[in-house]
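Participant: Position chains E and S relative to chain R; hints supplied.
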Amino acid sequence: MNKDHTKILLADDDEDDRMIFTDAFKEVKINTKVDVVKDGNELMDFLKEPENDLPDVLFLDLNMPCKSGVECLAEIKSDERLKDMAIVIYSTSASEKDIEDTFVKGANVYLQKPSDFGVLKKLLSEVIIMNWQYQTSGLNRDNFLLSL
Amino acid sequence: MNIMNFKAFFLSSSFLKIIFTVALFALILIAGISYRHTNAVAESGKWVIRTHEVQKELEQLLSQLRDAETGQRGYIITKDSVFLEPYNKAIAEYGKSFSSVKNLVANNNQQQINLNALSKLIQLRISILDSNLSTPYQINTSVLKQRMLRGKLVMDEIRLQIKVMDDLENKYLSNRKKNLEKESYLTPIFTLLLVFFSILIFLFSFLKINNDIGLLKKTNEELKINAETMSQAEEIGDFSNWQWNLATEKYIFSDNLYRFLGCEPQSFEANLENFLSFIHPDDRHLLIEGTEKVLNEGKTSTHIFRIIRKDGEIVYTKSVSKLLTDAIGKKIVIGITTNITKDYLHSQSLSEMNKELAESNAELSSFNYVASHDLQEPLRKIQTFISRIADNDLQNMSESGREYFIKIETATNRMRQLINDLLLFSKANKAESVFEETDLNILLENAKQELAQIIDEKNAIIHEVTLPTLQVIPFQIQQIFTNLISNSLKYSKPYVKPVIDITCALIDEKAAADIKLLTNKKYYKFTFKDNGLGFEQEYAEKIFVLFKRLHDSSAYPGTGIGLSICKKIIDNHSGFINTQSTLGKGATFTFYLPA
Amino acid sequence: MKIYIKYNITEACKKIVAEQLQKLEIDFSMLSFTEVDLKKKLPVSKLNQLNASLKKYGIEIVESQKSILIQKIKDVITEMIHMEENLPTSKTSHHLSSKLNLSYGYLSNLFSEITYTTIENYIILQKIERVKELITTENFTFNEIAWKLNYSSLAHLGTQFKNKTGLTLSAFQRIINKRRDLQ
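Residue numbers (the numbering used here), protein chains in the order written: chain R, 3 to 150; chain E, 3 to 597; chain S, -19 to 163.
Bound-form chain R, shown alone (with noise of 0.2 Å):
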């Protein structure tokens, strides 16, 4: 698919998740580099840090303290170098209300953390499958909205 492989970035502050994010990743047939931060600060911090490289696709947890996701969200989207970034909400709460709100400010796809395991690995692999598409095939990445 790719020559490189896929930069992902998740922010989460519960480690528990961060595990089994990264281990999903481990057995997903995709080419992926998968770092990870513990919480809004970090992020930005990682972000704004210009040797990084910006990552493909970034994972971002709502509740998170000190900094939360939409905050987070906000941010990223003010910011020229990182608006275009595809920005996956990766969050618990299933609002549609609170759905809808974080594609309004910006979001592309909105995840909810299932509870299977096998699920969230072919959630996982779609995410990035469809980043793939946007970036490939020339389609408007304004209209890349995915809830899954």
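Derived by calculation from the structure, the hints in this document are not laboratory data.
Incorrect hints may have been included.
[Said to hold, decoys possible] What follows is a set of in silico ranges between Cβ atoms, one per label pair, in the way DEER data are often shown:
# : chain 1 : residue 1 : chain 2 : residue 2 : range
1 : E       : 465       : S       : -13       : 41 to 47 Å
2 : S       : 31        : R       : 82        : 21 to 27 Å
3 : E       : 466       : R       : 82        : 45 to 51 Å
Computed from a predicted model, the values in this text were never measured in an experiment.
No residue lacks a Cβ here, since even glycine has one placed at the ideal position from N, Cα and C.
Facilitator: Frame of chain R; chains E and S shown alone:
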């Protein structure tokens, strides 16, 4: 308009002044005219008398001359000096008569001229008489006859002259008479008219004064009654009033104000300082500010302050005052003080209870939400790890281990579902939601789209009508539609295409009252009827209870929370929901939303 | 103030490629909007330079033959769905194989091998994208859009849309509108 103005004018007090002035004027006029008339009559009378006196005197004069003539004649005939008696008498007397006449005609030039002529004639006659008498006895009869003839001629002339004077007098008299007649004719009429007019005016005035007095009396009576009523009302209603005359700087406190302060009525001087002394020190400034305000702006807003009565009891008082200016520009401030202790304390405790209630509600709902939400996290992880183990190590477990493991999985799933539903239920909380004008058709469409897959799978048909636009919480009503349709689909008869009929109708206040909804409101009645399995009507109330189910979870998945959520939402909207069903013949859910 | 933009992607891309080539003073001629004939063979450095400058616009120089074919398949599909007013009524498989002169079976296998998704999926993807485009840029009703893209019914479109994106048509529209209002 003119009549109105006149009436107003009529009733005003300046009218009274004008009337009285006019009346007075009329009276003076009458008096004047009467006086003049009386005078005129008197004058006429005098004239008549005068004329007659003149005539009488002239007659007298004539008579005296005749007497003299007769005396002379007698003497001449008899030569007896006894006949000279009347002659002498007449000569003596005629002067008197003559002077009387002269006096009487003193004002009249014409008569005076006449009189002078007469006088000459009389003198002549007398001289003739005299000459006859003074000549000796033997007179030539022809000389005598000549003299006597001459005498007779003069006498005739005298008579004539007297007649002239007489006639003149008569003429004067007749003129006077004519004038008098004229006077006598006009003046009474004029006077009568004036009198009539005056009477009219006096009548008006009387009526007006009577009216005014009546009004005054009535007003006075009313005032007395009002004052009495006020005093009674104050006692009963537990309020009092005070007045402050700005000009005299005197206060008047009503009796009840004294009782208010715990004192005997009028037991101390009514003034500001004394009143302030009864007010709680912290609140005194309110009264002072209020006083300034009423002086500057004409009225105060309502203040609440505490009064400490003579016996130490604290009374919460509401006070309001107003500045009045009367017709002469006199300013007084009036105020009312009301005892609101009971209401004040009551509303205080009410608002405290409300606050507590709101706080406890908020706590409860946040507890609900947080509990459900936070419970999900570890549960989800449990499920995830379960699934991982299941994927990798299930085969490696022992038989019993596998069995138990599977039961753990099932139980965990059930718990997840319960928590999900609890979360949904707590989200149907009214306080956090906003009512918006929403087209219900859109919500129904959304619900159908959400269930699109299962509708498709079951080949379900949904009949619908156009729904109204109402003031609702959009996502909650959508939830109801989703829940009801989803239920109908879930409990559809196997192998029978589910058909759902949705209707909506506006019902009026009377019909609404029949169903014990809030009266004086119109409602929309929604029905969702399906051809599914139905249930026994005796459970119709039960199914709305939280977690109550009519089937076990293996046959039909679900936690039994869907309908209780529906009920909660309907309650949020001040509506009403019920259901009817026959086992095997489908179910109809009916709910009402205010229009 | 807002203005609404419609994209003619091919024209735009052609122009960009042409501009970049001109900037680097490379002689060229455009064969199609995906094929450019460079008159001379370029050194690797210049090729990389060109690639880098094109990459900024999301345009890439593609190397392998297979990639070219894949791209061609995609292009045909894209053209089919986006360019014309309404979808051609003939089956897409026929349309593709006739346009590219290769059997549908071969195309389909190649496509899945390289892109990990099927042609059908890709078509659906493009259709959904077109739907999104129509929702955001034009004033068509959902019914009209379903008809335009050859869906048998609005329900069918709605279902597919929700399947692919996880959102209902109305939710999508709502989000787009709210995004606009925020800007």
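Participant: It remains to establish, for every hint, whether it holds in the given structure.
Facilitator: Okay, the hints, checked on the actual structure:
no. : hint                      : verdict
1   : E:465 / S:-13: 41 to 47 Å : 42 Å, holds
2   : S:31 / R:82: 21 to 27 Å   : 23 Å, holds
3   : E:466 / R:82: 45 to 51 Å  : 49 Å, holds
The structure agrees with every numbered hint stated previously.
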